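Asker: In case you want the letters, here they are:
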Amino acid sequence: MPEAPLLQVTELVKHFPLGGGMLARPRAWVQAVAGVSFTVGRGESFGLVGESGCGKTTVGRMVLRLIEPTAGRIEFDGQDIQQLSRQRFSELRRRMQIIFQDPYSSLDPRMTVEQIVTEPLRVDRRTGRRARRETAAGLLDKVGLRAADLGKFPHEFSGGQRQRIGIARALCAQPQLIVADEPVSALDVSIQAQVINLLQDLQQEFGLSYIFISHDLSVVEHVCSRIAVMYLGSIVELAPAEGFSREPRHPYTAALLAAVPLPDPHHIRAAVPMEGDVPSPIDPPSGCPFHPRCRYVLDRCSVAKPHLIPAEGHLVACWLNDGRGLE
Amino acid sequence: MNSCLLSIEDLSVSFRTPEGAARAVDRVSFGLNQGETLGVVGESGCGKSVTSLSILGLIPCPPGAIESGRIRFEGCNLLELEPEALRRLRGRDIAMIFQEPMTSLNPVLAIGRQVAEPLMTHRRLSRSQAMAEAGEWLDRVKIPAARRRLEDYPHQLSGGMRQRVMIAMAMVCRPKLLIADEPTTALDVSIQAQILSLMMDLKKETDMSLLLITHNLGVVAQTASRVVVMYAGQVVEEAGTADLFDRPFHPYTQGLLRSMPRLGARRAGGRQRLKEIPGIVPAITEFIPGCRFAPRCPYAFEHCRRHEPDLFGIRGGQQARCWLRHYPERRRADA
Numbered sequence: 015m016p017e018a019p020l021l022q023v024t025e026l027v028k029h030f031p032l033g034g035g036m037l038a039r040p041r042a043w044v045q046a047v048a049g050v051s052f053t054v055g056r057g058e059s060f061g062l063v064g065e066s067g068c069g070k071t072t073v074g075r076m077v078l079r080l081i082e083p084t085a086g087r088i089e090f091d092g093q094d095i096q097q098l099s100r101q102r103f104s105e106l107r108r109r110m111q112i113i114f115q116d117p118y119s120s121l122d123p124r125m126t127v128e129q130i131v132t133e134p135l136r137v138d139r140r141t142g143r144r145a146r147r148e149t150a151a152g153l154l155d156k157v158g159l160r161a162a163d164l165g166k167f168p169h170e171f172s173g174g175q176r177q178r179i180g181i182a183r184a185l186c187a188q189p190q191l192i193v194a195d196e197p198v199s200a201l202d203v204s205i206q207a208q209v210i211n212l213l214q215d216l217q218q219e220f221g222l223s224y225i226f227i228s229h230d231l232s233v234v235e236h237v238c239s240r241i242a243v244m245y246l247g248s249i250v251e252l253a254p255a256e257g258f259s260r261e262p263r264h265p266y267t268a269a270l271l272a273a274v275p276l277p278d279p280h281h282i283r284a285a286v287p288m289e290g291d292v293p294s295p296i297d298p299p300s301g302c303p304f305h306p307r308c309r310y311v312l313d314r315c316s317v318a319k320p321h322l323i324p325a326e327g328h329l330v331a332c333w334l335n336d337g338r339g340l341e
Numbered sequence: 008m009n010s011c012l013l014s015i016e017d018l019s020v021s022f023r024t025p026e027g028a029a030r031a032v033d034r035v036s037f038g039l040n041q042g043e044t045l046g047v048v049g050e051s052g053c054g055k056s057v058t059s060l061s062i063l064g065l066i067p068c069p070p071g072a073i074e075s076g077r078i079r080f081e082g083c084n085l086l087e088l089e090p091e092a093l094r095r096l097r098g099r100d101i102a103m104i105f106q107e108p109m110t111s112l113n114p115v116l117a118i119g120r121q122v123a124e125p126l127m128t129h130r131r132l133s134r135s136q137a138m139a140e141a142g143e144w145l146d147r148v149k150i151p152a153a154r155r156r157l158e159d160y161p162h163q164l165s166g167g168m169r170q171r172v173m174i175a176m177a178m179v180c181r182p183k184l185l186i187a188d189e190p191t192t193a194l195d196v197s198i199q200a201q202i203l204s205l206m207m208d209l210k211k212e213t214d215m216s217l218l219l220i221t222h223n224l225g226v227v228a229q230t231a232s233r234v235v236v237m238y239a240g241q242v243v244e245e246a247g248t249a250d251l252f253d254r255p256f257h258p259y260t261q262g263l264l265r266s267m268p269r270l271g272a273r274r275a276g277g278r279q280r281l282k283e284i285p286g287i288v289p290a291i292t293e294f295i296p297g298c299r300f301a302p303r304c305p306y307a308f309e310h311c312r313r314h315e316p317d318l319f320g321i322r323g324g325q326q327a328r329c330w331l332r333h334y335p336e337r338r339r340a341d342a
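Those protein sequences? They're chains A and B, same order as listed. Take 15 as the starting number for the first sequence in our numbering and just add one per residue. Take 8 as the starting number for the second sequence in our numbering and just add one per residue.
Not one of these hints is a red herring.
Covered by chain B, per the in silico footprint, the following chain A stretches (three or more residues, Cβ under 8 Å): (1) 204-211; (2) 272-279.
Pulled a few chain B residues facing chain A out of the computed Cβ check, cut under 7 Å: (3) Val226; (4) Leu270; (5) Glu283.
In short, the hints are calculated from the structure, not lab data. These numbers were taken from a predicted model, which means no experiment stands behind them. Don't be surprised by glycine CBs; every beta carbon is placed ideally from N, CA and C.
Isolated chain A, as found in the complex (with noise of 0.2 Å):
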């Protein structure tokens, strides 16, 4: 029997409330997450990618349990999160970590460096100050910042280097799964290569799994092994990396993919992939939510929401799916 994965969701939603208050029954609901499932292997960089509103932020945010789900299933290491106690879960807790998209936003400016990095170690009251002292050197030296750094404050940092001291925090606790939510998009081109080759080498070193949430399809495709698309609130498509971009199956992922500017002056992109916006997950489509905006819908896309199933090695929410593939 193969091993189980480190973690598997089943049936993921999430419904905000809008407006209302305390007293007040809310007006609408959000339907963030509709009903989302996957696994992450140990040692496996698993890949979220879709546009602004698609829930891939609120995913990541409910496997920490930083989000309460409205519904579904969470397992860590065989352990179903939502039934743990409350000590339980705050022993599980610290081999799960995240690391936030905006450095400047995610950093205490008024805590040293040393006091950021150590906090997970800090919470436990286990380490002595001596002790935790040395894990924030070993760790900013992991990093690649000095340890001479150790008392220095967030301000004294550029952004790549505050993400390095985020990575540094992340990596305190010794976890087996780490939650990136965009974690190179505010930083600069030439910052951003650094930023991942750190990642994939401390997923290495440390036999890590990440969650890479992302806007970007060529890092995600760089970074993962295996990549879910996500579209008003579902996994439309679910792949392996290699070849992703070279045979989508789903016709919102191969518009995503064609909406990339590639940096090749020889290929100019000619048609408008996609025309209009995502609709409001208020209220979101009938059936297949991308079927307003699908060139290839056909009746029963408005009716009926397809599943996730089979198709030549990725898993498709199509009802085109019957092998034909695109075009």
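Based on the hints, put chain B in the right spot on chain A.
Answerer: Just chain B now, with coordinates in the frame of chain A:
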């Protein structure tokens, strides 16, 4: 040949900071021809936005100060114009769109009114004429049911729609030059493709020139005919777009192009590493003797750290600010 619409010559702009004067733009020169799309690329702090703001006289002085240079638009030096004359030019002959449409639109004015305003100011149209033309422009930038949305406010629109409003506002007076500063950076990739295509269509129809400022090399490759690469306040390379991507000369340009992950580049099996540029972008208050890129350059040698290179001609119209032009043997294959 000389159909130069805009030429920036030797422009230097500095800002007063607590750490002393910081030169954000250092002797920048480039030109833009009639009907051309010129891309200006670089990372944060390279001076690309300050350069574009200087064209329209939008640098706050103080703390900013234009130390030297000329900005010629149709032969006339914009830096010597009276504020009133510049105001007449702004929005009529030269228009600008910015990165964040939410902060550049007025939140308490209906969008029709905002699009109509330049028409009333510059072309002295009556309010109803201006509103009618605003409606036409909102339609042309493909805002659905445009005429019914004249009374909508910016917060009622999506990010992509707001950027369309910005474009309509910029285009109503049919400017000769449109300056677009990161026009699609805040947008999703599918909306980015729509907005770029809209801008290129309008450019073709009206024969205006486009100065496109961006950090995104993909956007430049898809739209510009020529590219200026900036680093630490200076132009480090200028070339036709095909030349820049096929035969980049400056180690910084080469580094940028190599460090990007590319779609479809992933090979089966084995770990792939990106080729990173080491070090960090210098702060603008930092003084770097010699070549600004030398501390991060794989080929830098003693000469680079002491003497600042000029923009040397490479071939055709390509120029690069790099000593390798005169010391080609220093470019080693292993670096």
